[in-house]
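Chemist: Build the full structure now, drawing on both the sequences and the hints.
There are 2 protein chains.
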Amino acid sequence: MACSIAKVMAALGDRWGILVMRDLLLGLTRYDDLRRSTGVTNATLSDRLKSLEQAGLIERRRYQERPERYEYLPTGRGRDLALLMQAMVQIGDKWRREEELEPPLRFVGAGSGNGLKLALVDEDQEGLAAEPEIRIVAGPGADELMRWRVELGRDERGARRAATAD
Amino acid sequence: MACSIAKVMAALGDRWGILVMRDLLLGLTRYDDLRRSTGVTNATLSDRLKSLEQAGLIERRRYQERPERYEYLPTGRGRDLALLMQAMVQIGDKWRREEELEPPLRFVGAGSGNGLKLALVDEDQEGLAAEPEIRIVAGPGADELMRWRVELGRDERGARRAATAD
Numbered sequence: 000m001a002c003s004i005a006k007v008m009a010a011l012g013d014r015w016g017i018l019v020m021r022d023l024l025l026g027l028t029r030y031d032d033l034r035r036s037t038g039v040t041n042a043t044l045s046d047r048l049k050s051l052e053q054a055g056l057i058e059r060r061r062y063q064e065r066p067e068r069y070e071y072l073p074t075g076r077g078r079d080l081a082l083l084m085q086a087m088v089q090i091g092d093k094w095r096r097e098e099e100l101e102p103p104l105r106f107v108g109a110g111s112g113n114g115l116k117l118a119l120v121d122e123d124q125e126g127l128a129a130e131p132e133i134r135i136v137a138g139p140g141a142d143e144l145m146r147w148r149v150e151l152g153r154d155e156r157g158a159r160r161a162a163t164a165d
Numbered sequence: 000m001a002c003s004i005a006k007v008m009a010a011l012g013d014r015w016g017i018l019v020m021r022d023l024l025l026g027l028t029r030y031d032d033l034r035r036s037t038g039v040t041n042a043t044l045s046d047r048l049k050s051l052e053q054a055g056l057i058e059r060r061r062y063q064e065r066p067e068r069y070e071y072l073p074t075g076r077g078r079d080l081a082l083l084m085q086a087m088v089q090i091g092d093k094w095r096r097e098e099e100l101e102p103p104l105r106f107v108g109a110g111s112g113n114g115l116k117l118a119l120v121d122e123d124q125e126g127l128a129a130e131p132e133i134r135i136v137a138g139p140g141a142d143e144l145m146r147w148r149v150e151l152g153r154d155e156r157g158a159r160r161a162a163t164a165d
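Chains as they are written, first to last, in numbering that gives the first Met the number 0: chain A, 0 to 165; chain B, 0 to 165.
Derived by calculation from the structure, the hints in this document are not laboratory data.
Any given hint could turn out to be false.
What the hints assert, rightly or not - Simulated coverage check for chain A against chain B, where a stretch passes if three residues somewhere in it have a Cβ under 8 angstroms from a Cβ of chain B:
id, region
1, 16 to 29
2, 83 to 93
3, 100 to 112
4, 135 to 146
Note that CB positions come from ideal geometry on N, CA and C, so glycine has one too.
Modeler: Below is the structure:
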């Protein structure tokens, strides 16, 4: 399949696969949270988690023995998809603006607090600042579900960083 | 639906919708060419063209009376999706590189001929060059189908520009 777009879509599967990846990239890890966030049925969620794992985008880890419980984490390949999410956010935000709706999600520089956007630049462009560290925050157009998702994701990512630092 | 990612995916529908948009953004306009390029069935292609039109991403225009024939063109909203395609190409190209495969498609600056890439930059960043005019060319990893698609798309876009200039 000599098309990179087809390759990415084959790995993601469909729109539910994309929404599950959105949540994992925000930092959600647990089945019940993914279910609440996406609103899909158990059958769909289990199926998409399996295919995302087979595609090498996520890994499943046991975090509890009795009863067995698993968490789901994006792999390096899965984290590559952050760019896709940023592109969709940028496009969807533009469409919302045309309907006078504000953005639900914002990507800001962790240092500057300034909004970030995707731009097409020369591969070798000199003087382009290094990719800033990104913070994801709820925007003025966020509903309660989006705020919950963003806060939970941030807490989970913080907890993982703390565990890794131990 | 307070999520811009979900909004974009709802408009695109599924992976076939995305591949049809890829082709229309490359410049393909005709049903038979879309069918050859995507390899989908008539039923799927007709259905996706209808839903993309309903979502306001493409418009259908009659270009011949007897027999009636139509061409399909991206709207302004449809053209916003170029960013999504660039993101997917960038990610898929990275995955291909990890498998020692070369890129099938390249985005280059029309003036410089240099490769272009998406970067996350400060919204208000000074000194960032204006978005360059983009040329899409077949890359070293293109197969015959991709080369055909890119060349046909370029010809069709050229013909439309010429018609508009008349």
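Chemist: Would you mind marking each hint as holding or not holding in the structure?
Modeler: Cross-check of the supplied hints:
{"no.": "1", "hint": "16 to 29", "verdict": "holds (count 3)"}
{"no.": "2", "hint": "83 to 93", "verdict": "holds (count 11)"}
{"no.": "3", "hint": "100 to 112", "verdict": "holds (count 6)"}
{"no.": "4", "hint": "135 to 146", "verdict": "holds (count 5)"}
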